[in-house]
Structure formats: C-alpha cells, structure tokens
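Undergrad: Taken in sequence, the protein lines are chains A and B. In my numbering, each residue's number is its place in the first sequence (first place is 1) plus 6. In my numbering, each residue's number is its place in the second sequence (first place is 1) plus 6.
Read the hints as simulated data drawn from the structure, not as lab findings. Just so you know, even glycine gets a beta-carbon here, dropped at the ideal spot from N, CA and C. Hints are all accurate, no fakes.
Chain A side only, calculated, beta carbon under 7 angstroms to chain B, not exhaustive: (1) D63; (2) C94; (3) E113; (4) I148; (5) Q170; (6) A176; (7) S218; (8) V267; (9) R344; (10) V392.
Derived lysine-lysine pairs resembling DSSO-like cross-links, with alpha carbons at most 27 angstroms apart: (11) B/K182 x A/K208; (12) B/K275 x B/K296; (13) A/K384 x A/K296; (14) A/K377 x B/K377; (15) B/K208 x A/K182.
Protein chains: 2
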Amino acid sequence: MKGFFQLISADEFLGLFDGFAPLATEQILLNDCRARTLAVDVAAPEALPPFSRSTMDGFAVRARDTFGSSESEPALLTIAGEIAMGACGRDVVLQPGQTAAIWTGGELPGNSDAVVMVEFTNQPDARTVEVYRPVAPGENTIRAGEDFEADATVLRRGHRLRPQDIGVLAGLGITKVNVYKHPVVAIISTGDELVQPDQPLKPGKIRDINSSTLAALVEECGGVPVPLGIIGDNLESMAAACAMALDLPADIVLLSGGSSVGRRDFTLKVFEQLDQTEVLAHGVSIRPGKPTIFARRGNTALFGLPGHVGSAIVVFHLFVRPLLRRLAGAGNIMDLRRVQAITAQQIPSTIGREEYVRVALSNTDGSGPPKATPVYGKSGLLSPLVQADGLLVIDRDTEGLDTGETATVILFP
Amino acid sequence: MKGFFQLISADEFLGLFDGFAPLATEQILLNDCRARTLAVDVAAPEALPPFSRSTMDGFAVRARDTFGSSESEPALLTIAGEIAMGACGRDVVLQPGQTAAIWTGGELPGNSDAVVMVEFTNQPDARTVEVYRPVAPGENTIRAGEDFEADATVLRRGHRLRPQDIGVLAGLGITKVNVYKHPVVAIISTGDELVQPDQPLKPGKIRDINSSTLAALVEECGGVPVPLGIIGDNLESMAAACAMALDLPADIVLLSGGSSVGRRDFTLKVFEQLDQTEVLAHGVSIRPGKPTIFARRGNTALFGLPGHVGSAIVVFHLFVRPLLRRLAGAGNIMDLRRVQAITAQQIPSTIGREEYVRVALSNTDGSGPPKATPVYGKSGLLSPLVQADGLLVIDRDTEGLDTGETATVILFP
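One chain only, chain A, in its complex shape (with noise of 0.2 angstroms):
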C-alpha cells in the first residue's frame, strides 16, 4: 500500500493531532510567564484582597449609623482614628456612633462595614463629621476574598498567560508557575536550486525563502525554531537531515520541499524510511496546500511541506500551528482570530476542496465588518504575501463567492 493516500479533509486531517500529547512541564518566574501556558490549574493560596477594603476616599462607618441621614439631617459620628494607607485597620475597632477616616485601598477599621465618600460629608471639628447620606452594608467597600477566596481555581490549565493574568497571580503572589515547555521545531529546506540568502546568486539558482518564513511563523506562536540549513534534492541527504532532526530532538520537523512532483515523493520516501515512523497523511483536500505529508513518530511529528512559500504559510497557520500549541498544552489550539467579511468581488472557487483565498482587509476600524479584496498573483509569487491580511475560506460545497457575500477569514497574526 506503500504511497497509496486518499485526499483526506482540513478536519480529518486536524483529527490526526489527537495521538499526540502535551509535551513535558517545566516551572519558570512569573514575570517570564508571558505568552506561556499554564500546566496546571492555579487555585489561590490565600485569600484576595486579604481583607476587606475601601474603594473610595472618606469616611468608614458601621452602615447602620447612617440610615436615617440627609443634609437636612446629617449624621453626626465621632472619628476614631485615621487608616494610614499600609496601616493595620484592625487596629481600630469602631463603637456605635464612631468613624475613622480612610483612603481608596485602605484596609476596614473593626465593626465597620460601609465607608461614605468624602464628598457627602463634613467635617465641623477634628473629632466630628457629618454624614449627609446613608451608605448600605457593604457600599463602597471590598470585603476580603471578594475577588477571590482561598483555595478557589484562579486560571486552569491550558489557559495561555496574558498580562492581566499575570497581574491576577502577582497579587495572590505566586511568583513561580508551571508551564509547558517550549516546542522544538526543527527546519529543513530542501533544493538543489536553494542558496542562503546571504550568498551570492549563480545562474538557476534562488535564495531560500522557506527557512526565514517558518523560523519567523514558529517564533510567532511560540515555538523555538532550529533552522537546519539547506539539503540537496537526495534521499540520503534529506534522511540524514530529518535524523539529525530527531536527534534534537525536535518536537515537529518541518520539510519544505519543491513542488515539482519528484520531489515531493522523495519526503514521502524519506518519512517511510525512517525507524518507527508512520506516515499518516499523504495530500489533504484543500488549496493550496494539497500536497502536504505527514508523518509521525513516537510524539514527534514531521511535515512534509509544499515548496512553495505562500503554499507553506497557509498549511502552517491550517495545521502546523494547531499542533505546535497542542504539543505547548493549550486549551484552544485553533487560536487564529476569525472574523466576518464582505466580499469585495467575485471569488471562483472549485467544489469539493476548501480554498483559502489571499485577501486584503479595508474598513477594519470596528465601524462595520471589513471588506476583504483577493491578492491573486501565480502560485510562485510572494508580492501577494506582503499585502494579504488573512486567508478567506471557501467551503468545498462552495462553488465561489458573489460580490459582497459575508464570508470569514482567518487573520494572519
């Protein structure tokens, strides 16, 4: 059955990925946490606020000294004390009839449960104050725990960190996380026509464009690229490039060959021949992209990717990405931002395999949903690239969109 493959759908095809597992957990400081995902549910340590507090600046009261008040009839209530902000709240302990002066974040004298802003108040003397308006248990306070009680799951596992969430565990105080480690991402273009690109051109021959593209694209989403050069059109040098690949080793190798058809049965060959591995998809129904392969040994994943840049992006974003952050433990491995479209003009389109069309974005400012304009350009070129803001996604029951049909496109990060 050998080179035997069924087109198989963008959905079967994500299907393959759940063989595959998170990869090991490492724990980092928290202020090196950006971006990474949390392997463990976090629950708090203690309670946050650790004690009930003030959200204004003025006065703390027991709630029931003022009922009644207006500035008719202000209520009258002798000061205490003042909290200091950092001071010991507890510290004072209000009597019926008594206040303390408070600042926004300061800590609830004893017996108060409500402070009265500044600005309904007066004060006739340095012991006295007036109270213009009753306040409600619990007004303008925060009572300890409110945000979040001791033990109560803060962020699960899977979630990635954004800088509120950070924030969210510096002030709980945990100051070391659990996160996944980082995804290995070996590169390897393949090409007798490939130079460096900081080498001089000779005759036939063209710069490597794949390298720099997928380095960048593992980068973006969090992985750590290992670019390992450029590997002549042969069996034996492209078999031992994946092996030094695996021997990282890396958690995803990533083979970007040429197009011509030669050449992409050379990664088929390749893949087969390592040790242990099994090839588990060899073209998927969609365009561009069709004839990608891929394989899998042990929990490395290897991608067989078509030579051509633009082709390449779109199955990174498609599927090397959604595997890149299954293998990095998140949640939510399809985190590309979807968003609706109107189509700009007609868009063709063939039934039976989905295309993801090139598009510019205009009137993106939130005022309404954006008018997405096709790139077009032969499948060799990279001028589109530059100007394409997303991929516009045309189902394989589709036979091509009209002019301003709603569509959706996934954005480019």
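With the hints as your guide, set chain B onto chain A.
TA: Just chain B now, with coordinates in the frame of chain A:
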C-alpha cells in the same frame, strides 16, 4: 495655573503624541527582525525571481511551436536537453521545434516562453515529445522580476515585519535590516500598602500587581520593561524614582499610583517639579481612566496611571501602547484589532464621556458577529479582568446600548 486642567477627550490625548519623534534606528540581522518596525523604505537590490522560471513540471517550449496542437494532432517537438534543478537553464537554447524537460521552479531555457504541463504530453521515444494542447506565451511561467523588479519598493518605513515579509526580504538577499530601537519603559508602583509579590503579607498590606501587569503589557507590544520597584507615598521617593527612570534613560515612564485623590496630586506635583518637564494633560473624559496624567520631558513621556490595575490596563491599551508604537516608528499606531460585536444585554453609560466596558466574547468562530457580554465587577476587582476578551466602546454621545445593538470591541492582544 498649576493644578488646573480641563478634561480632554481621548482623541485630544492621542493628538498630544504628534510632538514625539520615533527613536533611533539600528541595523540587525534579518532573522531577529520579527515584529520589528522598518526604519527605511526597502528597495529590491535584485530582481525576484532572478530568472524566468517554470511553475510546473513539464516541457519548456516556444509557445508558437504548440499552436494548433490537439489530442488528435499533437505537436511533435525534439528534446534538446533537461534543465536540472539549480542548473543554468540559459545554457540550453531552443531552436524552432525543440523543447527541454523542466521541473517546477527551474530556469527556462533560452528562447523558451512557456511550459507545457507533463500531463498534456507523451514521449514516444527518448528524443521526442508529443504536445496535446497549445500554450500561450508566458503560460506556466513566472518571468524574471515578475515579483519585484530591481529597485522596486518592497516594504515601506513604519511597516511591522511579519513572517511573510521576512521571507520576501530573505528571497531578495537582504539579511541586515534597519529597524527602530525598542522603547525602554520604566515602571514605578507607588503605595505605602504595597509589598513585592514574593514577600510575606503583613496586616494592611497587599501585593504589587501593577508592576508585573505593566511589564507584561510593555513586552507584549515590543517594549523593554524596566520595573523600578515599589516606592512609598511621598514626594521625595517618587521624585527620586522618576529621576532614576529618566537617567536610564527611559523613553516612557509609567508611574502607577493609588487611586485616592491625595496620591493623584502627588503624581502631578512630582511631574511638575521635574526639570524641563511639562504636564500636558490631567484628566481625560473616559471611564475608566479619567485621572490619567501625562507629561513630557524632551522626547520622554511620563504617564501617571490609575492605581486600579483594571483602569491602568485600559489606559495602557488606549494611550501608552499607541505612544510606544509611535516611538518604535510604526506607521499605524492604533494596532489593536477592532471588531463589530452584538451586545448580549443592555449596557448603561453616561453621556459626556467615552466608556470602555470589559466584555467576554462568544461566537468567535467567524460564522457571525461575536456576542459581547459585559463582565461587571467593582472597580478594584481583578477577577473580571481574567474573564474579559476586550473593551466595548460606548462613545460620549451615547446614553448606553440596548440588547442586540452593534458596537465596536477593541480586542485584547
């Protein structure tokens, strides 16, 4: 006039940034350029592709030799050679009636102007090819310079480099790039009640949340955060910390203070007392974020941010981030994605100020506009921040939104 400021609008606040110049530039290696901003227009130093190429596996021909060919009357061509991948195609020159085997990406031989796909040919013997379909001049080829002619502008100053842009630069042999330097952002948290996140809590104290949050926000948008620690609530300490920040030298200083009125006045006084420093704004008609203070000293910006981290995050996204991007040379400083969403419930607002309501989004698969549900909570609470996906904008002339209305949401990065 000290201390007397009128509230300005968000647009007026952004207008204050016009006076700030982008930072100095540096030349760095292409592979370190991801997410950096170009400091120069980039022109193609050579044509791309450098030679005319085939986009198919097949036979390079003089198109006219195939005119009139069909299944029943194929054109008969003589094989003059094969262009191996990476070989100099021009070394083979086609005479009338001749053809050469070629692979996808191969250089066209001399005198050829099109390629016949191998699927539409037959080889009755080693020297002869039958062609079953005519091809037009240019068909299945990319001509030299079709992507970029030599000297053509490829990317403009102010463009943020994405993976595909880095690929194009690699393809053109550009491996060193002039980009703007990373802005250095000093971060100062003030408050007698604050302790470092890793220190034990004493009564009345809370952990510093703002430093970690702001550092992660700065890093996320390409700045270099320099947290200077926690400063007590007194003019001397705050002034000394600002002086230290300016000596770094920082390009932006973020001083986040408590939210009490007295402390806000401290920040204003500190800025006013700094050498050669001009306070440009004290108060902006947005909610949250109203008490924001903004000053400049030469090309360095100083922000007095609200003490509540939720408010500080809003001010960061609305103002600090755009200024950071301006200093980093970005052409588009308002880079947070904005989408249209449908309100899931009524959202009250007050005429006369812009409101930024934290919302969680559902239905974000691109199949329709997302639904925005407000994540309410008292202003000092952190837990709503963890649940929010972005900020729903209610403009100053609107008295709130009904259920099912369309509104703009600024997405958290």
